[in-house]
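Residue numbers (this note's numbering), protein chains in the order written: chain F, 1 to 469; chain X, 1 to 469.
Think of the hints as simulated: they come from the structure by calculation, not from any bench.
One or more hints might be untrue.
Same chains, same label: a pair holds when it works inside one copy or across any pair of copies.
Claimed, not checked - Quick list of in silico lysine to aspartate or glutamate cross-link-like pairs, DMTMM-like style, CA-CA up to 25 angstroms:
no., residue 1, residue 2
1, LYS34, GLU393
2, LYS356, ASP249
3, LYS228, GLU141
4, LYS159, GLU35
5, LYS34, ASP72
Number of protein chains: 2
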Amino acid sequence: MACEGGMRRGILLILCVALGFPALCGGEKPGGPKEVLARCAAAGLRDGNAYRMLEELTSRAPSRLSGSPGADTALRVARELLLRAGADSVWMEPVLVPHWVRGSVERALVTPFLDRRAPFSIAVCALGGSVATPPRGVTAEVAEVHSFDELRALGDRAKGRIIFFNRPMDPALLSTFEAYGRAVDQRSRGAVEAARAGAVGVLVRSMTLARDNVPHTGALSYVDSVRKIPAAAVGIQDAEKLSALVRRDPRTRVTLTLDCRTRPDVPSANVIGEIRGSERPREIILVGGHLDCWDKGTGAHDDASGCIQAIEVLHLFRQLGIVPRRTIRAVMFMNEENGSRGGHAYASAPLRDEEKHIAAIESDRGGFAPRGFTVQADSATLAWFLRWKPLFEDVAAGRIIAGSGGVDVSPIVAKGAIGVGLDVADYRYFDFHHSANDVAAGVNPRELEMGAVVTAFLCYLLSEEWPPL
Amino acid sequence: MACEGGMRRGILLILCVALGFPALCGGEKPGGPKEVLARCAAAGLRDGNAYRMLEELTSRAPSRLSGSPGADTALRVARELLLRAGADSVWMEPVLVPHWVRGSVERALVTPFLDRRAPFSIAVCALGGSVATPPRGVTAEVAEVHSFDELRALGDRAKGRIIFFNRPMDPALLSTFEAYGRAVDQRSRGAVEAARAGAVGVLVRSMTLARDNVPHTGALSYVDSVRKIPAAAVGIQDAEKLSALVRRDPRTRVTLTLDCRTRPDVPSANVIGEIRGSERPREIILVGGHLDCWDKGTGAHDDASGCIQAIEVLHLFRQLGIVPRRTIRAVMFMNEENGSRGGHAYASAPLRDEEKHIAAIESDRGGFAPRGFTVQADSATLAWFLRWKPLFEDVAAGRIIAGSGGVDVSPIVAKGAIGVGLDVADYRYFDFHHSANDVAAGVNPRELEMGAVVTAFLCYLLSEEWPPL
């Protein structure tokens, strides 16, 4: 909400000339796009700035779920990082966000019926948005299903049970996002469907392709007309163990205990910083990620990486002394994970009426090796992007294909901006996603940085070469 | 040397028909390349076979330096894996290899001169091929240099010193292989140049872009006319510590103690398995990696990954019921790391006179996300490969550029084969390379597998579509 920082262009211009980059100052054309890209890559890779920022954000604000104290800290850290990167101005725009709290208890105790083994715990975590169980938990027999059809086929046998959704992400699919998309209905709609069938609780196999036992959280949805029942994710090793047990011993019982709860909405913000365009300041090239994250791990890939890359884009423009003709704006959206309120608030904020968004680039697929961009636009626009393909191929990021920009930018894309998603080698993404695995040590500094570099270069092309200029 | 396995084509043909893949049996054309690639990816990603093989090789034969007992074990494991993958025949071809042994002592003790701090150890490991020090070590003052020019400029000040080569790999270069190539002269030729200058020992900053303190080994070369002095790699955190100390306190001394030694050459082998071509069995599509590795870590990326991918290529052909028109041959070369004798022995083996090698594909850049191929051939051949680019782009591996095939295949490429190197996202390679970090846990199963999938598909194209057929 506060507007900070000042115009540094004068000083920068002097610095540029002094440092021997006169061609890149003011409105002058630099040597050419290839040279800009090469200098951008060298500058970004040389000093490790992006990774240092990632470490700072994820250590000062490790837990950034919407409405949490950590999310408030993250607003301040993001503001500081934007100022340090050299933004002309940094401000916040208000967003009212949901406030779900995990609480301190999340436990699932398995009690076999046939063999009188002692009860044992399995690795679980509450799904985001879940209601709590009673303090002593919900105890019921387990019914395993792999789809909503299977659930419905249970009929009365679902009643009073804990439904265990255990359909894995399909490893045979090359796109891990596609595999996720085809499995995640169990997590997002499982509680509603199970409640409709008369169940008292839900366990969901974690959405991951890793082989460890770390549970992966993520949002569920309730609907007002259906009773809200508690739901938790299970680590996949334990999901397989439970599955084998239930097949042998169908009267196995689970006691699920969660004390999470939803509190009233709280005020929060999107954090925004920009370098104003020298010729068309009201034409915006937006680059962003989401500042909030799930409360397991530190959200390093999801999506501190996207935020840091957006900030690093501004930093790279400053470092190279490029004054863009259009405005380059970094946006850290709040509340992507459980409400997407930041993206909607941004698109409908009063300031937007005075601006024209040329493009909105989102990085929310992890800080992995960049390989290109997905472009959400008409075919003529995609064709224009494809003219740039050879430039990006030089840095192994020439995969330019039709595809979504992303969740946070979709409201502004709906208002006419070109949507762009940073495409990365996503093989490992769901090893980290929404889990305790997602920490800075899992991000490679060079992969993170090159994502910022190719994004900065795309911003440069959109600012300097996009028609009509 | 032994020829094993038998023709399984008959059984396979029956199985194929029974399983409803008649179009892929015998010499018939399958539905088309796109379908083959899609089925290949699905089959490979579904069952995790490549990673299981990687775990087996790196656990049964974790230490595979040429001439070692572990390398002998690796020959047997590779043979078993080839047979299990469904090779028609598996054999070994003899290679006489060098036998360097690390010994049990590698230590560097730093003794400051000015401040009377206690001596302290730094993380070092002997460079491959180094001579030993005397049992009580070599003690000398340290002279830090960053190039051979700086070394020569030392003049008499190099005499009796331990030369400390401390030029980092340049992080500003996008290609980590290029950064390596520009720094590795310090490791490979440092001992010779230092001895010429009168030095008594060498320390070399590890060849890595990681920020840890793990020393990275690798081969050095001696020349007969110059005294052989001992040489070790230093972890980069300790390299920076030593550098700061020596700048403050130039009379700092180091005691370097190594008991490594070179023993007489020993007989070893390349391990070879193939699926014979149905129409042109003497025309070979070779795919390979190297079976030997440095004795730190388990050589998971370098180059168990390449070996396993070669074996997995055969497995994928079998799994999909594709009987190739030309022979697909997997070769596990011995002794890439410190002699390249396997590659030379392969190219000059008597059997080669009866064969024609169409192409030789090498995977030796780590088991990372594949992004395409480097092609070592004339421009007409490269143009032919580029016709296949859109197919590979569908699986994000469309980066087909001119470049080297690799060290092991270069002798057969010199005899006329097209050289092909599997190109991967190499950002993280030198975090692992030649160090204790290089273990199976650092390889992602899906990235490894997709390297095998795109390689298998290229073999398919070369077997089925390459002119003149």
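Against the structure, the hints come out as follows:
For the identical chains of this complex, LYS34 and GLU393 are neighbours both inside a copy (11 angstroms) and across copies (23 angstroms), given an alpha-carbon limit of 25 angstroms. Neither within a single protomer nor between protomers do LYS356 and ASP249 lie at most 25 angstroms apart by alpha-carbon distance, with minima of 62 angstroms and 61 angstroms respectively. Within a single copy, LYS228 and GLU141 get their C-alpha atoms as close as 19 angstroms, which meets the 25 angstroms cut-off; across copies the closest is 74 angstroms, which misses it. With identical chains, the CA atoms of LYS159 and GLU35 are never at most 25 angstroms apart, being 66 angstroms at best within one copy and 45 angstroms at best between copies.
Taking the shortest alpha-carbon separations for LYS34 and ASP72, neither the intra-copy value of 40 angstroms nor the inter-copy value of 50 angstroms comes in at or below 25 angstroms.
In summary, the structure is inconsistent with hints 2, 4 and 5 from the numbered list given earlier, while agreeing with the others.
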